[in-house]
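Single-letter residue listing:
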Amino acid sequence: MSLEVLWRYAPALIGGFGVTVMCWSLGAAIGLAVGLALTLLNRLDFAPLRWLIRACVETIRGTPFLMQLFLLYAGGPFIGLKLSATAAGIIGLGAYSSAYFSEIFRAGFASVPQGQTEAAVSVGMPPVHIFWRITLPTALVATVPAIVNMLVILSKETVVLSIITVPELMYQMQTMAAETFTAFDAIFAMAIFYWLLVEAVSRVGRRLETRLTAYMSAEASRA
Amino acid sequence: MSAMMIQIRGVSKSFGSLQVLREVDLAVERSQVVCLIGPSGSGKSTLLRCVNFLESYDRGDIFIEGKLIGYRDGPAGRRPMPSGELRGMRREIGMVFQHFNLWPHMSALQNVAEPLSRVRGLSTREADERAHAMLKRVGLADKAASYPGRLSGGQQQRVAIARALAMQPRLMLFDEPTSALDPELVGEVLEVMRGLAAEGMTMLIVTHEMGFAAHVADRIAFIDAGRIIDEGPPRQVFHESAEPRVRQFLQTYHDRNSF
Chain H
14 MSLEVLWRYA
24 PALIGGFGVT
34 VMCWSLGAAI
44 GLAVGLALTL
54 LNRLDFAPLR
64 WLIRACVETI
74 RGTPFLMQLF
84 LLYAGGPFIG
94 LKLSATAAGI
104 IGLGAYSSAY
114 FSEIFRAGFA
124 SVPQGQTEAA
134 VSVGMPPVHI
144 FWRITLPTAL
154 VATVPAIVNM
164 LVILSKETVV
174 LSIITVPELM
184 YQMQTMAAET
194 FTAFDAIFAM
204 AIFYWLLVEA
214 VSRVGRRLET
224 RLTAYMSAEA
234 SRA
Chain F
3 MSAMMIQIRG
13 VSKSFGSLQV
23 LREVDLAVER
33 SQVVCLIGPS
43 GSGKSTLLRC
53 VNFLESYDRG
63 DIFIEGKLIG
73 YRDGPAGRRP
83 MPSGELRGMR
93 REIGMVFQHF
103 NLWPHMSALQ
113 NVAEPLSRVR
123 GLSTREADER
133 AHAMLKRVGL
143 ADKAASYPGR
153 LSGGQQQRVA
163 IARALAMQPR
173 LMLFDEPTSA
183 LDPELVGEVL
193 EVMRGLAAEG
203 MTMLIVTHEM
213 GFAAHVADRI
223 AFIDAGRIID
233 EGPPRQVFHE
243 SAEPRVRQFL
253 QTYHDRNSF
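Chains H and F, in that order, give the protein sequences.
The numbering of the first sequence is the numbering used here, which starts it at 14 and goes up by one.
The numbering of the second sequence is the numbering used here, which starts it at 3 and goes up by one.
Hints are supplied without guarantee of correctness; some may be wrong.
[Unchecked claim] Partial chain F-side listing against chain H, Cβ under 8 Å, derived:
hint, residue
1, Tyr73
2, Gly76
3, Phe99
4, Pro106
5, Arg120
6, Leu124
7, Glu128
8, Leu187
Hints listed in this document are in silico derivations from the structure and should not be mistaken for laboratory results.
Computed from a predicted structure; not experimentally measured.
The beta-carbon is built from N, C-alpha and C at its ideal position, and this holds for glycine as well.
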């Protein structure tokens with residue numbers, strides 16, 4: 014283990030980690046937004062739209078992320094879609110995760126008991142209010158553990174971006190390993206960085222979960 | 003304008019090939035308490051749910067204070083009622099469910115106040131005040147801040163009653179309100195319902211609590227296989243029914259509940 018090499022490459026590694034975190038968070042934000050949008054569109058009773066969404070989700074879930082990313086970055090220009098490596102990486106992560114997030118949201122909505130909606134209908138609450146005040150909050154709370162899990166998985170999928178030369182952590186690691194023949198040190202350092210990220214995500218997730226499910230065990234502030 | 007609060011005429015309904023209601027006629031006068039009893043799967047809950055159109059009916063009419071619910075009859079035949087108009091009618095009909103159906107992410111107070119602010123258009127303060135008063139009325143003033151998950155079944159059902167009452171409905175529907183409760187918690191819910199009946203609230207109640215029905219109901223309707231096969235004052239239905247099915251049902255109930 015060469016501390017000297019790690020020290021020398023620290024700026025590049027930290028910079029790479031920054032790029033990783035940026036790609037991951039922006040990709041996840043896109044994925045969550047698009048995923049929720051897909052789920053909501055799916056709830057509209059319009060069959061052609063449902064089939065289209067189904068086909069997109071199944072295609073994304075049925076093919077490797079590496080392939081999707083490569084198609085987007087290398088194949089994009091053929092249809093006039095010229096993206097920088099980083100932009101392609103972020104959009105790729107967003108598209109890839111949106112399929113999984115939309116499945117998570119779908120399950121979340123399915124888990125809301127029919128009775129809660131019926132109670133709202135029985136007092137004459139309009140559908141928009143029922144959705145925003147009753148269905149959505151209950152569905153989102155139910156999905157938090159699955160979403161955090163997906164975010165953790167996604168944080169590690171970012172390594173694939175190195176293939177299309179996004180200067181993220183994996184890319185910097187490989188550069189360091191190639192230039193200094195310190196494969197073990199590189200992988201060790203990478204493990205530390207990813208562990209940090211995953212640990213942070215999990216902690217925030219757990220805290221969020223505790224907060225959002227507080228109603229099962231605590232008293233309300235408004236009384 | 004009819005004197006009848008609820009007028010059900012020739013209502014039929016099928017779920018696919020299964021006919022659950024067959025030509026049902028039933029009338030509930032203002033301030034009357036009518037209990038629907040009968041075996042499981044006989045159609046009592048479906049009938050109750052048709053009254054506020056949570057369930058649509060295929061044939062017949064259901065009038066609430068003389069106004070047809072769920073449909074509009076015109077020269078071109080029967081059309082679904084516009085959703086806004088239907089919501090307006092539902093606001094006047096309180097409903098209490100077997101499984102309470104409180105909103106788990108809202109405190110007891112918020113459960114009661116939510117429809118007041120979202121549907122009745124009260125300010126948050128007015129809604130909270132009325133919600134507090136309603137919770138007090140069902141004996142739960144001290145549980146306003148508790149979430150449903152922290153309340154017993156009996157308390158949850160009382161919050162659900164408060165939620166329905168806060169809307170100041172013209173009539174109340176109860177769908178087996180005590181069937182999901184521990185025997186020891188049934189009493190507190192029936193107590194609240196008894197109080198409502200005494201105040202003159204019009205109530206249509208699906209129940210298996212025969213003792214309660216006998217004491218509180220003005221009339222009992224016995225439903226079997228989607229038909230009302232006997233109807234009248236409690237004494238008549240419980241003790242003098244000519245219908246073998248009613249006598250058999252009550253005998254079984256009596257045998258199971260005596261020891």
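Here is how each hint holds up against the structure:
1. The criterion of a C-beta within 8 Å of any C-beta in chain H is not met by Tyr73(F), whose closest approach is roughly 17 Å, and the hint is violated.
2. A hinted interface residue such as Gly76(F) counts as satisfied when its beta carbon comes closer than 8 Å to some beta carbon of chain H; here the least separation is about 24 Å, so the hint is violated.
3. About 6 Å separates the beta-carbon of Phe99(F) from the nearest beta-carbon of chain H, less than 8 Å, and the hint is met.
4. Interface hint at Pro106(F): satisfied, since its Cβ lies 7 Å from the closest Cβ of chain H, which is below the 8 Å cut-off.
5. Of the supplied interface hints, the one on Arg120(F) holds, with its beta-carbon coming within about 5 Å of a beta-carbon of chain H, less than 8 Å.
6. Interface hint at Leu124(F): violated, since its Cβ lies 13 Å from the closest Cβ of chain H, which is beyond the 8 Å cut-off.
7. Because the closest C-beta pair between Glu128(F) and chain H is about 14 Å apart, greater than 8 Å, the hint is violated.
8. For Leu187(F), the shortest C-beta to C-beta distance to chain H is roughly 19 Å, which exceeds 8 Å, and the interface hint is violated.
In this structure, the earlier hints numbered 1, 2, 6, 7, 8 are contradicted, and the remaining ones agree with it.
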